Amino acid sequence: MIAAGRLVRVKRYDLLIEAFAQVAAAFPDWQLRIYGKGEEQPRLRQLIERLGLWNNVFLMGAATPMEAEWAKASIAAATSDFEPFGMTIVEAMRCGLPVVSTDCPYGPAEIIKDGADGRLVPVGDRDALASALLELVGDDERRRRMGRTALENAHRFAPVPVVAQAERIIDQAMTAKNTGRRAPGHHRTDSQLAGRGHAARDLAHTAAAGALRAIRKGQR
Amino acid sequence: MSKHHDTPLRTDCAIDKDGRITFRLPLASAARPQLLLALRPKKGRAETTRHHLELEPDPADGKWHAVLEPLQALDEGRWDLYLLPEPGAERQRLRPGLRDLRALVDGHLRDRPSPVAVRIPYVTKDGFLALRAWLRTAHVEARTLDVTDRAITVEARLHGARLHEDATVRLRLRGSDTVRSLRPRIDEDGRGFSFTAGQKDLTVDGGGAGRFWDAFVRPTADARPIRIGRLLDDVADRKHVYVYPAMTSDGTAARPYYTVDNDLAIEMT
Chain A
15 MIAAGRLVRV KRYDLLIEAF AQVAAAFPDW QLRIYGKGEE QPRLRQLIER
65 LGLWNNVFLM GAATPMEAEW AKASIAAATS DFEPFGMTIV EAMRCGLPVV
115 STDCPYGPAE IIKDGADGRL VPVGDRDALA SALLELVGDD ERRRRMGRTA
165 LENAHRFAPV PVVAQAERII DQAMTAKNTG RRAPGHHRTD SQLAGRGHAA
215 RDLAHTAAAG ALRAIRKGQR
Chain B
96 MSKHHDTPLR TDCAIDKDGR ITFRLPLASA ARPQLLLALR PKKGRAETTR
146 HHLELEPDPA DGKWHAVLEP LQALDEGRWD LYLLPEPGAE RQRLRPGLRD
196 LRALVDGHLR DRPSPVAVRI PYVTKDGFLA LRAWLRTAHV EARTLDVTDR
246 AITVEARLHG ARLHEDATVR LRLRGSDTVR SLRPRIDEDG RGFSFTAGQK
296 DLTVDGGGAG RFWDAFVRPT ADARPIRIGR LLDDVADRKH VYVYPAMTSD
346 GTAARPYYTV DNDLAIEMT
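First to last, the sequence lines map onto chains A and B.
So for the first sequence, the working numbering puts the first residue at 15; every next one is plus one.
So for the second sequence, the working numbering puts the first residue at 96; every next one is plus one.
Excised from the complex, chain A in its bound form (with noise of 0.2 Å):
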């Protein structure tokens, strides 16, 4: 299984591996593959060797494409405390791959159907997301099922021009923050959006309504 993403606290990755412990003492041919490189590297690093999982978790540094990476697993696992866009789940279900996620705010219930085509879990919950990581281990054609139905779905997001829309729209509010002006209103994001597709539209609309409400909140 493969998970993909800046090695930074917020991502969780502690959380993933020490899941995977319960999966590798189940069924230790299957590896669990981290891409991405940052400062949390050494503290995966230590933290592998104390759990004794070195012949099944790899750091494997970053790597661009990554479809070609997704293409070599049959579950992808992200398990980030808070998530404002998903851009990787969507991209391994476009993979065929079923995500096991845990569900934060505010990107993966937004593209993830539970039990269709992947699997929620609550934050922070290792046990329930090694249970869930396990049921699909030792189910192949569930697994299957499910990655063929992360496939289908993925179709409803347009791929780059929709979260690159979102992400100009965070950037400008983020902008008008620090600069005292007046961040843009939804109304110029619906027009922006149009034309492009209801549900693409609706993801964006979302995870940007989501991030402008957290930035005006002062967490971002």
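Because the hints were derived from the structure by calculation, they are not lab data.
Straight-line Cα separation of at most 27 Å, DSS-like style, residue types lysine-lysine; simulated pairs:
1) LYS51/A - LYS334/B
2) LYS86/A - LYS112/B
3) LYS334/B - LYS112/B
4) LYS138/B - LYS334/B
5) LYS220/B - LYS86/A
6) LYS86/A - LYS51/A
7) LYS158/B - LYS86/A
8) LYS51/A - LYS220/B
9) LYS86/A - LYS334/B
10) LYS158/B - LYS112/B
11) LYS127/A - LYS86/A
Distance ranges between label pairs, derived from CB positions:
12) GLU166/A - ARG173/B: 39 to 45 Å
13) ARG269/B - ALA40/A: 36 to 42 Å
14) SER344/B - ALA40/A: 31 to 37 Å
15) ALA198/B - VAL24/A: 33 to 39 Å
Owing to the predicted nature of the structure, the values given are computational and were not obtained by experimental measurement.
All C-beta atoms, glycine included, are put in the ideal place defined by N, C-alpha and C.
Since the structure of chain A is provided, determine the placement of chain B on it from the hints.
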């Protein structure tokens, strides 16, 4: 060194489970284009070893493709890839597109006959497509490593030869004639085995800091030693990815690691 055109030409490649590599690239039009594979020479030496592959247009997707067959053995080392748009033209180094290496991921599960030939497409540090090749009469693939404060245990499998009852594991101290011999525990099939190196097997006269042990297997007495490494998957450079703890005792540490050639060694600090 010849100047390279900075071509945005991106070459896709895919490898199948037999090791056949198919390259695909979009060419506007070309007169007898070829792919050139050149073995990267050692520093200061000239390039001497090259292979040419014919590029043919594929009507299905409008791209040109070339195939490196499994039986076309490549010498061990790093191979750079170029496009020769036509005979005698200046060569252009290839940039990577998609690398489909799925077929390599479980490669260790298949026994290989002699000679063991491995090719893994990879991307160089400066962003070009290249091939890493190994070619060995026989090969020992290391799998799981166990490290405690008393011992390092390695599980491995021999490809291209069989282990006899008098097989030995040889740890050779790099840059010296010192060799330690260990008895392996051999599986019934004569291919799988494991061995354990303890503190006393790794002691070095005068302290070991900065020394390295390279690991080999002799399938029978007086047979040529076979290097132990890990080659049979999709990872071309595993030195910083397959990382192990150290066996520490009495102020010295022995840490197993993979060299830049994916060979198994033990570093003493």
